[in-house]
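Chains as they are written, first to last, in my numbering: chain L, 1 to 356; chain B, 1 to 346.
In silico DSS-like cross-links for lysine-lysine, where the CA-CA straight-line distance does not exceed 27 angstroms:
id: 1; chain 1: B; residue 1: Lys253; chain 2: B; residue 2: Lys202
id: 2; chain 1: B; residue 1: Lys254; chain 2: B; residue 2: Lys168
id: 3; chain 1: B; residue 1: Lys253; chain 2: B; residue 2: Lys191
id: 4; chain 1: B; residue 1: Lys231; chain 2: B; residue 2: Lys202
id: 5; chain 1: B; residue 1: Lys120; chain 2: L; residue 2: Lys178
id: 6; chain 1: L; residue 1: Lys162; chain 2: B; residue 2: Lys120
Taking CB as the label site, the calculated pair distances span:
id: 7; chain 1: L; residue 1: Ile158; chain 2: B; residue 2: Gly55; range: 26 to 36 angstroms
id: 8; chain 1: B; residue 1: Thr181; chain 2: L; residue 2: Leu267; range: 28 to 38 angstroms
id: 9; chain 1: B; residue 1: Ala178; chain 2: L; residue 2: Asp312; range: 31 to 41 angstroms
id: 10; chain 1: L; residue 1: Ile316; chain 2: B; residue 2: Thr206; range: 44 to 54 angstroms
id: 11; chain 1: L; residue 1: Val42; chain 2: B; residue 2: Asp332; range: 48 to 58 angstroms
id: 12; chain 1: B; residue 1: Ala185; chain 2: L; residue 2: Leu267; range: 38 to 48 angstroms
id: 13; chain 1: B; residue 1: Thr181; chain 2: L; residue 2: Leu138; range: 43 to 53 angstroms
id: 14; chain 1: B; residue 1: Val151; chain 2: L; residue 2: Ser56; range: 44 to 54 angstroms
id: 15; chain 1: B; residue 1: Ala185; chain 2: L; residue 2: Val192; range: 43 to 53 angstroms
id: 16; chain 1: B; residue 1: Asp218; chain 2: L; residue 2: Val197; range: 55 to 65 angstroms
Quick caveat, the hints were computed from the structure, so don't treat them as lab data.
None of these values were measured; they are calculated from a predicted model.
Each residue gets a CB set at the ideal place from its N, CA and C atoms; glycine is no exception.
Listed below, chain by chain, are the residues.
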Amino acid sequence: MTTIWASAKANSRTKTYADYAKPLWQRYILNTEAAVILGLLVVALVASVMVRNFASDITLYYLLRDVTAILLMALPMTLIILTGDIDLSVASILALSSVTFGILVQNGWPVPAAIVGTLLVGLVCGAINGFLVTVVGLPSLAVTIGTMAAFRGIAQGILGTKAVTSFPVEWTNLTSIKIPGTGIPVLTILVVVLILVFAVLMHFTAFGRGVYAIGLSTEAAAFSGINVERTKMILFLLSGVMASLAGIYLTLKTNTARAENGTGLELTVIAAVLLGGVSIFGGRGSMHGVIAGVLLIGTIESALRLANVTSDVSRIIVGTLLVVSVVSPSFLGWLRGKPKRPTSPGIETQAILTKS
Amino acid sequence: MLFHTTGRRVGAATALALSLALVATGCASSSSPDSTDGASNSGDLTITFLPKNLGNPYFDTSSTGGKAAVEEIGGTFAEVGPAEAAPDSQVPFIQTAAQQGVSALVISANDPTAVGSALKEARDAGTKVVTFDSDTDPEFRDLFVNQADSVGIATVQVDMIAEQIGDKGEIAILSAAANATNQNAWIDLMKEDLAKNHPNIKLVETVYGDDDDQTSFDKTAALLQTHPNLKGIISPTTVGIAAAARYLSTSDKKGEVAVTGLGTPNQMREYVEDGTVTAFALWNPEDLGYLSAFAAAALVDGTITGKEGDTFKAGKLGEFTVGADNTVLLGDPFEFNKDNIGDFDF
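Based on the sequences and whatever the hints tell you, model everything.
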């Protein structure tokens, strides 16, 4: 990608890229991420004024606790979707991890050892996905639909309809204690650290640029020396481990290890990532958009619940928002006065040139 | 030139966004008054029902009873709930109820422990917690309203079959899974009751349909073949009774062999109407919701604390006493027959 970039730039000093011809403020304001962040602020503001009990520490506390598992899975999911792939098995890895964690603790493992053991299970799940996608060369959609069923099936096979509910109190309490004087759960610090790690990985490393390049054009990326298989394998491994971590968190938060834990959560995660402005076709998106997307869904649901609006209505609203966010890149493209935005992977690398 | 076009488009988009925002906030303001009013006006009684999931006819019926009771008491009723019955899907709704400061939360728990810490937080915040239909671990709630006890369930089924076959002849039981704890407890109690009070009724076989429609259907067919003198079948499971009734309704034994047990009106309606089934039993979810709301109100106003021996009045249902383990029993199961089945939709 960088090579194409440099040569295109060298070729014509008189030509510029349409995207970069805009004043800086427009480039920062007129994008999906900014719209999502604005949406988040507007929703929070409107809810604070109109919904009783919304503007309080406790709202923030519950919101952060509720989105933690989703955020943990959304971080690697962002990178995977950036490459043009998808991982539908995350919620099932979460369930399998929850069950593994429960069984290990029940059999007398100390919690730290059980956490390590569980993360290894997540790693193995990720490796299976990665192997099937990169070595066997199957499409990730098909692979992870399969493993989505398989991993949850294994979880149900191990624990059946039973549940493990005997976790040490000091560990379950860990999910509920707050930073003194604030409404922020202590574990949010860990989440923020992980967000920073992923943001740096995504935006400030060669690996991260490789991820974008693969999403824009796998062939071009491969020809520019990016190891596509290795990159994808690492992403699925990360996804497995993070889903596993989310599983441990959810298990401790609810003090319940069950094969049904996190049912349907993969769609919430993917919805949040797409809402945050990551293109489902790959190659476009940013971490701050995804974080805002996760928080936006959480805030809308929290505000609607407080207003006693039924869950069906909040689903309709979140669904509509998702459609809007997927459509909005084309809309924003039109807004910038550009020709119809290309939507298939690979086309974006072709420089769109206009007269300055 | 380019900038000019962009500017106009930005203007158009801003206008669109603003109008959308206005519409959205308009919606919010029109929906909030009835729902949030009174939620935090201290002194007002607010009772929130939290079923396992929304769109479930059984819980629609229990909430109807709950709403009637809350209106009778003069409080504010609300029903909230998740779309699916996942183990922890009720947690955000419990948190919200605590945040709203509702007086009492009436919940049918999807999981006995997964909702525990959220319920504990709600109780710490001053919300009374009543479970109904499906209990949590006892430490997480103030009171459990039990729909029916084992003895009552066993007795009503034996009484129904005795009445329907003239208190003598061969009967069989079509149960769920062979190791289902509650089923086996009921069957043991039924055997005791039969031996003690109905010496002329002979239980010839107990078969297991595994709560699977097809298996239960086949087992019914087999029962009728192996026991030509069979007079009645008791199926203490909603899947079993419906399958047995479906088999009988098209067989030549229709009207000769009685079927009864535990069923829901919607599943059994056509068989009651075509005469295959005379009567069957279940608790009445509407009464269950009604009683739960009164129990919640009694906890809030301090009439009861939830300990054994406390008594409170529950409107048209009369007076109730709290039993062991902070439990209130709704009473004997409710009998559905041709005359009353039209009143129920669950």
